[in-house]
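Asks: Those sequence lines, one after another, are chains A and B. Per the numbering used here, the very first residue in the first sequence carries number 603; after that it's consecutive. Per the numbering used here, the very first residue in the second sequence carries number 603; after that it's consecutive.
Hints are computed from structural coordinates only; laboratory data are not their basis. Take the hints with a grain of salt, since some may be wrong.
You can't tell identical chains apart in this list, so a pair holds if it fits in one copy or across any two.
[Stated by the list, open to error] Taking lysine-lysine and the PhoX-like style, the derived pairs with C-alpha atoms no more than 25 Å apart in a straight line are: (1) Lys-884 to Lys-898; (2) Lys-771 to Lys-850; (3) Lys-1163 to Lys-1153; (4) Lys-850 to Lys-663; (5) Lys-866 to Lys-783; (6) Lys-691 to Lys-663; (7) Lys-783 to Lys-1069.
Model, not experiment: these values are computed from the prediction.
Protein chains: 2
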Amino acid sequence: MEFVELIKTSKVDNVTLYTHNGKQVEVSLCVSSHHLILSARKEGVEELWILHQNIDTVDRKPNGVVGGLIIVKCKDFRIIQLEINGYEKFTNVANSLEWLSTLDNMTLLYPFFYRPVYNMLEDGWSAFNTESEFSKLLVPGSNEEWRISYVNKDFSVCGSYPSAVVVPKNIDDDTLIAASKFRQGGRFPILSYKHEGSSVLLRASQPLAGPGIKRCKEDEKLVNSVLGPGKKGYIVDTRSQSLAQTAKARGGGVEPEAHYPLWKRVHKPIDRQAAYLDSLAKLVDAANDVTSSIDKWLSRVENSNWLSHVKDSLNCACLVAQCLDQEGASVLVHGSEGLDSTLLVASLAQIILNPDCRTVRGLEALVEREWLQAGHPFTLRHKKSCFSVGGSSVVPGSNKSGIVKGQQACTFLLFLDCVFQIHCQFPCSFEFNTHLLTLLFEHSYSSQFGTFLGNCEADREQLKLFKKTVSLWSHLNRPEVLPSLMNTMYEPNSRVIWPSVAPMSLILWRELFLRYSPASADGVSTRMKAANDAIMELNMKDKELRSKAAKLRRQLMELEKESIELGVLESPMSSAPTPADGNIEVNEGLVEVQSNPLF
Amino acid sequence: MEFVELIKTSKVDNVTLYTHNGKQVEVSLCVSSHHLILSARKEGVEELWILHQNIDTVDRKPNGVVGGLIIVKCKDFRIIQLEINGYEKFTNVANSLEWLSTLDNMTLLYPFFYRPVYNMLEDGWSAFNTESEFSKLLVPGSNEEWRISYVNKDFSVCGSYPSAVVVPKNIDDDTLIAASKFRQGGRFPILSYKHEGSSVLLRASQPLAGPGIKRCKEDEKLVNSVLGPGKKGYIVDTRSQSLAQTAKARGGGVEPEAHYPLWKRVHKPIDRQAAYLDSLAKLVDAANDVTSSIDKWLSRVENSNWLSHVKDSLNCACLVAQCLDQEGASVLVHGSEGLDSTLLVASLAQIILNPDCRTVRGLEALVEREWLQAGHPFTLRHKKSCFSVGGSSVVPGSNKSGIVKGQQACTFLLFLDCVFQIHCQFPCSFEFNTHLLTLLFEHSYSSQFGTFLGNCEADREQLKLFKKTVSLWSHLNRPEVLPSLMNTMYEPNSRVIWPSVAPMSLILWRELFLRYSPASADGVSTRMKAANDAIMELNMKDKELRSKAAKLRRQLMELEKESIELGVLESPMSSAPTPADGNIEVNEGLVEVQSNPLF
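All chains, please: the whole structure from these sequences, using the hints.
Replies: Printed below as a string of C-alpha cells:
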C-alpha cells in the first residue's frame, strides 16, 4: 500500500478551523503521509501539525454537496473542527484521516521516517539495559543473591518479557521455564526492585492454580527462595478477593497458601484496566462541556471515578512500600495478566521508596524497566483512546485495524497522574517538573520517536526500532531539551516520601486535562509555568553576573599585580585607592565567591 | 469588668494538645487577657498563640472529676483539642475562653492594648482618605463633574456611610438628604468608581418604593444627572426578579422605570449573605472530615455551594465591568441593604477594570473605600463564623454577646476568594501574592490591628481607633513586611482582565481552606510558596551580585586611573593585561550594567 492511495486530496484551501477555545481561523489544510497540517498563512500565527497517530476519532457532519464539518478528536484531548467546502474534498479528507490514523502496519508510522536534524550525544536505545540497571546488585564476586537470566532470549518462555530478567541466583533456567508454565502468559516472578536491607519487590502474573488448586513446585521454589532465613513476605493482589476467586474458575487464581507458607496474601483492589478508559472518557467529556454549571462540573469529575482510580493505585503502592520499608518484608505483586495494575503498583512503589526514580534519568529508567521492558502493551492499549469508547463515535477504521475490544486502556496515564499527585505533595523532591509527565503522556500515544511502539521487547526487536527509529530518551537527554524538564525547586531528598491519599490531597491534573478545555484560561499551569520561567531566567542572569564578577576580579588582580611590580601598590588591598570600608567589602565578596559559591 | 474576673485559672501545666494534623504534644497552657498560649517548652518548637477573638466555638467534653477535653475551633479554620486534668481547671479554662472570645466591649479587645515595637513610616489611618483617593476626579478648576459632599459629616444622613462621599457636582446636599430618605438605611447613590471615558459605577441600597411604587424626585434627579447627553445606564440588581418583587411588599423594591427612563434594569442574582456562611460551614466541615472518600469529598465541595457563590459573584461583576468598559454605560448597583453583595460586585468590578486595584496599595485602598468606609458591618458579620452556624455547636456566650441572628456572614471572604480566582487566572497581573489575601482574611476576623473593628466609620470615630489602635496598613506597608506580599511574577498590565467563570476555571482555594485540614500535605500552597521563595532568594542574590560587580567595576576604574597617572597604561582598556577577547567581553559587560540594567 502506498500513501498516495490513502490521500486522494492532499491540499484544501479556505478551510475554516474552529479551535478548542472558540477561535475561528481561515486555514489551508494539508494531509501529508504522517501529519494533518493547518496553516493560517498569517504572520505570527503558528501552523498546527497533528500526527495522524494522535487522532482518536474522526466525526463527519456532511452538509450535502456543499461539503461538511469534520470533527477531529485527538488522543491528547485536543478537539478541532474543520469546515470544508465541496463534498468530494470533504469526503476525501475525512477518509484519509480515518485511514491514516488507523494504519495497521507499524513500519508506515512516522518514527520510521523521522530523521532528527541534531546530533545525538547518547543513544537512548542502549541507555537503560538490564545489566547496567541492576549493576549494583550484580557485582561479580560480591555476595550477590541475584543473577541475570537469558532464558527468555528468544522470547519463547514469556512473550511479553524482555530477553534478560533478574532472578534469584540459586534458581536455574529450567526451574524458570517450569514456573513460567504456571503463570498466565508465562510471566513468572522476577525481580523489580531491591530496597535497602534485603527486602525485594517481585512481580508476576496470576498463578494458573485453577479451581482444583493446582500447584507448581518450581514456582514455589522460585518464590520461596527469595525470603532469607526468618523473613516473611507479602503477596499483594491488586484484585479483590471475590475477583481472585472468580479467576480460579477460569484457570487463574491465587497461590495456594499451604505451599507458600511464609507469604501472607493481601488483597488491595484497584479497578481493572477496562474501567480506566471509561473514567477518562467521562472526565474529558466533562472538561469539554461548556454548558456545565459549577455543580455539574464537580459532580461529573466525581462520577468519572478517575480520582478514585488514582487514590486506589496510590493506596496499593503505599501498602507495598510500607511492607518493604517499614516491615523489611519482601513483596510479590500481581493481578491477573500482570500487564497493568501490577506494573502501576510496582513503579509507583519505587517513586515512593527510591530517590533515584525522582530524577529525570531515573524516571526514564523506571519507564523503561517497569513499562516498556516489562511488556506493557502500549500499541494495544493506546491504539484508541477516550473518544473512541462509549459508542458515541463511529470508528470506521476500527474493524480493519484489528483492535481487540477491551484491550485499550490508559494505565500508563493513570501512573503518570499518580506521579503528578506525589509531585504536587513533594514539589522539591523531584528533579523533573511535571512538564516531563505531560510529554511522556503525549509521546506514549503518538510520537516521532520509536520508544513506545510495539507491545513488548519481542515486537521492538522484530521491528528493529533501535536501528530504524530514534529513541525518545535520546531526544529528552539533549542539553537543549533537558533544562526545560528540570524542576527549579529541586533539592535532592534521599528519604522515602509518603504521599497522602486523603481525598482532599488529590487534585485534578488541570495542566493536562484542561489545557484544551474551552474554558482554557487555566491559571494553575500558567502560574506554574510563569514561576518556572522566572526562576530559570533569574538562574541564567545569576550565572551571567557571576561570570562577569569573576572576570572583573581576574582583571583587578592582574592590574594589582602589575601595579605592585611597578611599585604603585605595596601589597594587594593594603593601600588600594578606594576607601577602606568599601575595600573590605569587596575583599569579603571575593573571598565568598571563591570559597563559598552561591550555586 | 476586669479581666481577672474572667480568668479564674490562668495557667495549667501538663495539658495534652492535639493539633489539626494529628500530633499530640504536652504543653503548658496560659490564658492571658487576649491570648490562649500553648507552649511545649521544647527547643525548636514554636509556641502557639491564639487570639481569643479568633475563637469561634469552645466545645466541652467533660470527663467527670478527671477533667475533660476542650475543642477550640477558630475563625481561621484551625481546630485544636486540649485535654486538661482536673475538673476545676477544665471548667475555668473553658469558661474563660468562652467569655473572652465573646466580649461585648470592643475597647477590651487586643488592638486597644497592642503597641508595636517598630517605628511606623506612614500612618495607615490617614493613608486612604476620600479626598486623596478621588483626587484625580476633583482637580479644582478642571471641568469636574463630581464633588465631595460632607452632608454626612455627623453620620446623621446615613449611619453606615463615611463622612465624605463623592456625588455629582450639580446635586446639592438638600437633594442628597431627600434622596437618602428614599433608600434603605439612608444609603443614597454615591460614586464608587469612574472608568475611562465618562462611564461611572454608583452604588446604593434598594429604593423604598414599596408596593404602591412610591417615587422620590430627588433620588431620580441624583441618579439621572449622572448620565451625560445621549448616554444610557444600567441598574444592576444583585437580587433575582422575584426577590426584588417580594421586597416591594416589605417597603423596598426597585426604581420605577418610568422615572429613570434612561436606565435599564438587569437582575443578576447572587445568593443573599445568609447563605454564604452555611456554604462555608459545609466546606470547612468537609475539609476536616478524615473519613471522607474521594467521591464524598467532591460531592461535599459541590454541595457546599461555595464555588457557586464565587461564580455568581464573578458573573455579576463581569456584567458590571462589561457595561462600563464595552458599552461605555454607567452602572448603579444595589441589592437590598447595599452592605454585602453590592460591595462585593462593586469591588470585584474594579479588580477587573482598574489595574491600580491589582497593586498592594491599590488593594488596600479598595478594601478601605469599598468595604470599610462603605460600611460593611465587619463586627456584626465576623462576630462568629462557620463553626457557630448549623446548630451543632453550643455557643454559651452568644446570648449575652448580643449577636443578631442572621447578621453573621462571610461576604468579605467571598470577595477575597473571587480575587484569588482572578489572581490564579492572571498570575502575572497582580503586584501582590495570594498570601496578602490570606492575611486580609485573618485580620478581618481577629487582629492586633484596629482596622477591621466596628461596623462603619461612625463606630470607628466613636471608638477613636485612629488614636488608640494601629492600622493594619501601617503594618503591611513597612519595608520589612512588604516584600513578603509581593508577587515575584508581577508584570504591570494596564488592560482590563476578563476572568473565566466556566466551572472548570474555578478552583478551590486550597491554601486557605485546607491549610489546617487533617490531610495537610497540601501541595499547591507548598509548591507556590517554594517557587515564590526560590524567586525571592534569586532576586536577592542577583541584587547582591550586581552591587558586587558595580563595586569591582569602580575599583577597577580607580586602579586604571591611577595606572594612567603613573604611566602604566596609555588609556583604559587599550592595553590591559588580560587577553584582548576577555577584555572586550568585560567592557561590554560594563556597558550593559550601566546603560541597560537587568532589572
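Asks: All the hints need checking, so say for each whether the structure fits it.
Replies: Hints, one by one, checked against the model:
Taking the closest pair of Cα atoms, Lys-884 and Lys-898 come within 25 Å of each other both inside a single copy (12 Å) and across two copies (18 Å). In this homomeric assembly, Lys-771 and Lys-850 never come within 25 Å of each other (Cα to Cα): the closest approach is 31 Å inside a single copy and 89 Å across copies. In this assembly of identical chains, the alpha carbons of Lys-1163 and Lys-1153 lie at most 25 Å apart whether taken from the same copy (15 Å) or from different copies (19 Å). Taking CA atoms no more than 25 Å apart as the test, Lys-850 paired with Lys-663 passes in neither setting, with 48 Å inside one copy and 52 Å between copies.
Taking the shortest Cα distances, Lys-866 and Lys-783 sit within 25 Å of each other inside one copy (23 Å), while across copies they are farther apart (81 Å). In this homomeric assembly, Lys-691 and Lys-663 come within 25 Å of each other (Cα to Cα) only inside a single copy, at 13 Å, whereas the closest approach across copies is 77 Å. Taking the shortest Cα distances, Lys-783 and Lys-1069 never come within 25 Å of each other, neither inside one copy (33 Å) nor across copies (88 Å).
The structure is inconsistent with the numbered hints 2, 4, 7, although it conforms to all the rest.
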